[in-house]
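Number of protein chains: 2
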Amino acid sequence: MANGATTNPLDPEEFRRQGHMVIDFIADYYKNIEKYPVLSQVEPGYLKKRLPTSAPFYPESIETILGDVQEHIVPGITHWQSPNYFAYFPSSGSIAGFLGEMLATGFNVVGFNWMSSPAATELESIVMDWLGQMLRLPKSFLFSGNGGGVLQGTTCEAILCTLVAARDRTLRIIGNENIGKLVVYCSDQTHCAFKKAAQIAGIHPDNFKVIPTTLSSSFSMSPKALRNTITADVEAGLVPIFLLATVGTTSTTAVDPLGPLCDVAKDYGMWVHVDAAYAGSICICPEFRHFIDGVEGANSFSFNAHKWFFTTLDCCCLWVKDPTALTQSLSTDPEYLKNKATESKQVVDYKDWQLALSRRFRSLKLWLVLRSYGVEKLRGFLRSHVKMAKLFQGFVEADERFEVVVPRNFATLCFRISPSALTTNNNAILSEINGSRRISDTSPKKMVTENELNNKLMDSINRSGRVYMTHSVVGGIFLLRFAVGASLTEESHVIEAWNVVKQQADIILNSHHSEF
Amino acid sequence: MANGATTNPLDPEEFRRQGHMVIDFIADYYKNIEKYPVLSQVEPGYLKKRLPTSAPFYPESIETILGDVQEHIVPGITHWQSPNYFAYFPSSGSIAGFLGEMLATGFNVVGFNWMSSPAATELESIVMDWLGQMLRLPKSFLFSGNGGGVLQGTTCEAILCTLVAARDRTLRIIGNENIGKLVVYCSDQTHCAFKKAAQIAGIHPDNFKVIPTTLSSSFSMSPKALRNTITADVEAGLVPIFLLATVGTTSTTAVDPLGPLCDVAKDYGMWVHVDAAYAGSICICPEFRHFIDGVEGANSFSFNAHKWFFTTLDCCCLWVKDPTALTQSLSTDPEYLKNKATESKQVVDYKDWQLALSRRFRSLKLWLVLRSYGVEKLRGFLRSHVKMAKLFQGFVEADERFEVVVPRNFATLCFRISPSALTTNNNAILSEINGSRRISDTSPKKMVTENELNNKLMDSINRSGRVYMTHSVVGGIFLLRFAVGASLTEESHVIEAWNVVKQQADIILNSHHSEF
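Here the protein sequences come in this chain order: A and B.
Numbered according to the numbering used here, the first sequence spans residues 20 to 535.
Numbered according to the numbering used here, the second sequence spans residues 20 to 535.
Relax, there's no trap hidden among the hints.
When chains are identical, the list treats them as one kind, so a pair holds in a single copy or across two.
DSSO-like, lysine-lysine: derived pairs with alpha carbons at most 27 Å apart:
1. Lys-396 / Lys-406
2. Lys-200 / Lys-228
3. Lys-214 / Lys-243
4. Lys-200 / Lys-214
5. Lys-521 / Lys-406
6. Lys-521 / Lys-359
7. Lys-158 / Lys-67
8. Lys-475 / Lys-409
Hints listed in this document are in silico derivations from the structure and should not be mistaken for laboratory results.
Just chain A, with the same shape it has in the complex (with noise of 0.2 Å):
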């Protein structure tokens, strides 16, 4: 025993016993989640007014910290696995991920090389090859084919490690002192994890060039803008490194189309990464395959298993084609981490595949999904929540004083208050916000008013605490977002979603009408 006469912090029995005390808590936490508010209705500083000013010197008992944990910490989480959780996008947990992340944590290995825990290691490539096969990848990306997969925190790493690869990759033959001329290209639908990326990489803040995209195109990339900015840049003596693509993105599920950016990226050398961080997952599906297409002529590919493939945070799938462009600008060797197995070439040693030098073994949770559902199963969750997103999609635009502001493409429906339904219906309401501005101006002032009220729909009902949804604004529409994809959620969740999306709307509009 670790220390005399105390029980050892790993005690077997007592992990056990605690252990199934903690099982049971999360079960009923699971049970009781409806009756949360979705949204956290706390306000700033509230657990510091709760909690002591430093640690206790003395053990506490574990039914002390849960009492806790339910009393303190649950008011103030915002719950992702509600089923009444709309938000950004899901975070979608499952048995099989749970169990996983169970295992891995019991293990607790540091499998940053081969050696230090060869499972690690191998179960990852395993998986990441299964996977890529489910998406149909080309070859060319799993180890099958020369390529490969590593398992990332986020995508933000994903992106990070391979524009590093990309800008090394540049560097070793125009020299470091040129790192100055170095250009990337997104749109401005990108995520701003790429931005950060940059930032991070050193590439020039005036060097990160962003393509505009409009409404009449849905908000994807277009081909012909990238090749113009890319050959002003490089008559400017830019040299162009890296394209980040995108299939979903955040604001509106966007999707760039692969092909066309491919090849035009492909002119200049550029790397391509593309980031499916959220419509990765359904691409598993047949029917959906087609949004990746063209996926052959980027460099690598990215989806987060921990948003929509019940797959606990954090597990971001990549893969590359030329890992070697990784690993050479990620590889350490110190003498302290020499083994024969690296040296015999024989073994991947992930360390060298990302940022950090410890992981964690990710691979266990997305076997264990893997194999808990299979593929049919998988398929069978996600086309539920397609098939709700359509079923929300229908109250929408059954209602006329709705609309549904982009079309959908996955399980994410954009929608919002319509200014026709405004102007033709609730003139008094627009006259109301605008004071003395006449109805019919359209001026942008009339676009801020309209985006006002939409911004307060989401605010009311999100307040209700029944459900939990987000916004973005797009070609300056304020738009809310309706993102199923909560494993819990059920099609009654999703009617009764629109019940309190109509309720809110119904007291905004009528109590502003009413006053006049």
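Keeping the supplied structure of chain A fixed, place chain B upon it in accordance with the hints.
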């Protein structure tokens, strides 16, 4: 239900049933852990031969899967939780750490900003202040003193974040076009994570300056040598921005003199980060606190709670004096994340303190560790590990064939078969290995031979499967590292480990000897 007739992937009762099974599986694993060879004995590619080449189409039962974990995964695991694990640095698990991870996985919130789950942010800030107090960090590192703490995944991330903050702080003054002039400093004992971070951050490879260390100063960094290097760089027109100082290096747990190093750095306006990844933990014991004396002159400080603080991987604790420097480099503000709490500036949004956007609820496990054990027991656990390392040191010192290579600071002992033992008692061995070379030869070639013998000793120890320890090479000396810290380790395991070392040394030395 998500998929008609099938069970919901997060059904509470099925969760309960399977969760209890896995708790028992892991409890049994800990109970039986000594039955397995500590270092996995599998060959590269072992798992591919045992698993199917593609994911199953139909679901498989948890019983089948757990059977496969036992049969196919466990043999490929290097058992970091084994009481006979003394390799690298510990990955010290605990019941509390495990349960905290379970709760975080169960809630599965994505706490990128305050609003996305207020408890995740607030508990982290509170716990980081608690822990900062336990370490007697200057108040300027705590939220209560306008600094603040954040949980990163790994030290690699902590270093990269602080380096980028320091880089951009300077670039804002001298202009982005001068990135090629920036210089960073460390010693030849600094963890390889720093070189990788500098590479990722776009620091010119020529400007990564390594200060040599020597055995005579126990491999700690010389402030004088640092100043000389910086002076020369400044004269050459370069701009010093960052110093990485280490408390407890990976090879020998050497300690850089923080006070004098910070004094040098201060003269040049450099950022100093203190990497106490391993040794930071034990600085909660008053008698060890002096090892981080001088930290008040640094800009940031980090240690890994997942190494030697009973908190499962991953959990790196980072404190900074100037959070604004971090957030100026790492902030993002996309429309889809805008919210009133952020706009009120009353909250911390941790996404702006780290590389990635998404983040797990890591503070839960740290909170559970602090509360379950309290300051008293945590100190007791750590002191027991130091005591066991001392016990092992006694064995080494009492056996004239062995020597301690550098003075022990913490719970890691660096030792080897002594060269004097070889020359006085085992001339035959060396003459056999050296062939015609004279035994009194003190050339590098002789040292290589001594090193080969110690390498052979390590290999035979690890191949026995009874214990696992790793090596390093410092100042040309191959040494074995005996790192105590696995939670299940008791004195009996240390005694047994020494027996293994002795037995293997006997075999190696005698087999050679008997040939003559």
